[in-house]
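Chains as they are written, first to last, in the numbering used here: chain F, 1 to 82; chain E, 83 to 278.
No wet-lab data here; the hints were simulated from the structure.
Careful: at least some of the hints might be erroneous.
[Stated by the list, open to error] Some chain F residues well away from chain E (every beta-carbon gap over 10 Å; in silico):
| # | residue |
| --- | --- |
| 1 | Leu23 |
| 2 | Glu30 |
| 3 | Gly33 |
[To be verified] In silico SDA-like cross-links for lysine to any residue, where the CA-CA straight-line distance does not exceed 25 Å:
| # | chain 1 | residue 1 | chain 2 | residue 2 |
| --- | --- | --- | --- | --- |
| 4 | F | Lys49 | E | Pro145 |
| 5 | F | Lys13 | F | Cys41 |
| 6 | E | Lys116 | F | Val52 |
| 7 | F | Lys13 | E | Asp235 |
| 8 | F | Lys49 | E | Arg268 |
| 9 | E | Lys154 | E | Val120 |
| 10 | E | Lys206 | E | Ile269 |
| 11 | F | Lys49 | E | Gln194 |
| 12 | E | Lys234 | E | Gly244 |
| 13 | E | Lys234 | E | Pro145 |
[What the hints assert, rightly or not] For each label pair, taking beta carbons as the anchor points, the in silico distance ranges come out as:
| # | chain 1 | residue 1 | chain 2 | residue 2 | range |
| --- | --- | --- | --- | --- | --- |
| 14 | E | Gln193 | F | Ile40 | 12 to 22 Å |
| 15 | F | Ile40 | E | Asn204 | 24 to 34 Å |
| 16 | E | Ala94 | F | Glu72 | 18 to 28 Å |
Ideal placement from N, C-alpha and C gives every residue a C-beta, glycine not left out.
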Amino acid sequence: MGLIGTLKVSCRKASELIERRELRPLSAMERIGLRLHLGICDGCRAYEKQSVVIDRWLDEKRDGCAKPACTELQEAVLKRCR
Amino acid sequence: MSSTATTTGKHALFTGWVRQYTGELLRFARNRVKDPEVANDLVQLALVSAWETMDRFAGDSSPRTWLFAILKHKLADHYRKAYREGIRVSGTDALGDDPGDTQFTAHGHWQQRPDTFEEDENEKLDRALRHCLDALPEHWRSVMEMKYLMDKDSDAIREAMGLSEANYWQQVHRAKLKLRACIEGRIHPKRAWPWD
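Required output: the full structure, derived from the provided sequences and hints.
Right under this line is the structure:
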C-alpha cells in the first residue's frame, strides 16, 4: 500500500477520528487523512457539524423546569433541614 | 453569641439559599436525567448534604457555585451507578451494539449521507435532542452526561466510570452516531431511519 493508501480514510473511520480528536491529539497521519477526507466528503462535513451542534446543546442549551415542582421541593428540603 | 443564635442564623441563611437556588438546581438536574423523580431526589440529596456540611462552606466561592458542585457530585454518583447497571443489564458486551454497523456500508461509506441540522429549525432540534437523549441506552447516556458534567476531562471520566481510553471514545462515538441518526429521523421524517 502506497502513501495514498495509508492516508485513505473511510467515512466510518473519519467519524471516529472526529470524536477521538477531542480526547487526544490525532497522529500526524490521522490528521492529514482526516483533512483530506473532509475535503472531498460532504457527508462527513455534515457529520462534523451535527456533532458540534449536539455537543453545544448538551453543554449549554438545555433549559426548562416545571414551577410547582420547584416550590414543593423547596418546602420538602426546608422541612428536613432544621 | 449563643449557639442557638448561631443555629438560627445558619438556618436563615440556608433557607435563603434554598429559596434562591432550588429552581436552577432542579432545572439543571431535570435536563440531565431521564426520570424527573430521580432529578428531584438528587437535588434534595444535594441540598440536605449542603445543610449537613454547611460549617465547611468557607465562603471563598459563592453559595451558588458551592451548591452546584454538590449537585454535580450527586449526579456523577448517579451516572456511575446507572452505567454499571446499564452494562449489567445489556450483558457482557460493555460497548453494546455499534450503530456504525447499520449507518455505514461494508466499505465504510455512509448508507445515507448526513444532513446539516438547520439553524432555523431550533425548536424542532431542541425537541428532537431531548427525545433522542432520553431514548439512548442508559450506559451511553451516562457516559455522555459525565462528559459534559466533568467539563470533558476525559481522564477523570474514564477513571470514575472504570473505562479504558479506547472504550471511552468508542462509546462516545457510538452514542453520537445513535443520537445524530435519531435526531435526523425526527427532523426529516421522510428520511426516517428504519432502525429507530
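Exercise for the section: Please flag the earlier hints that this structure goes against, numbers listed from lowest up. Expected result: 1, 4
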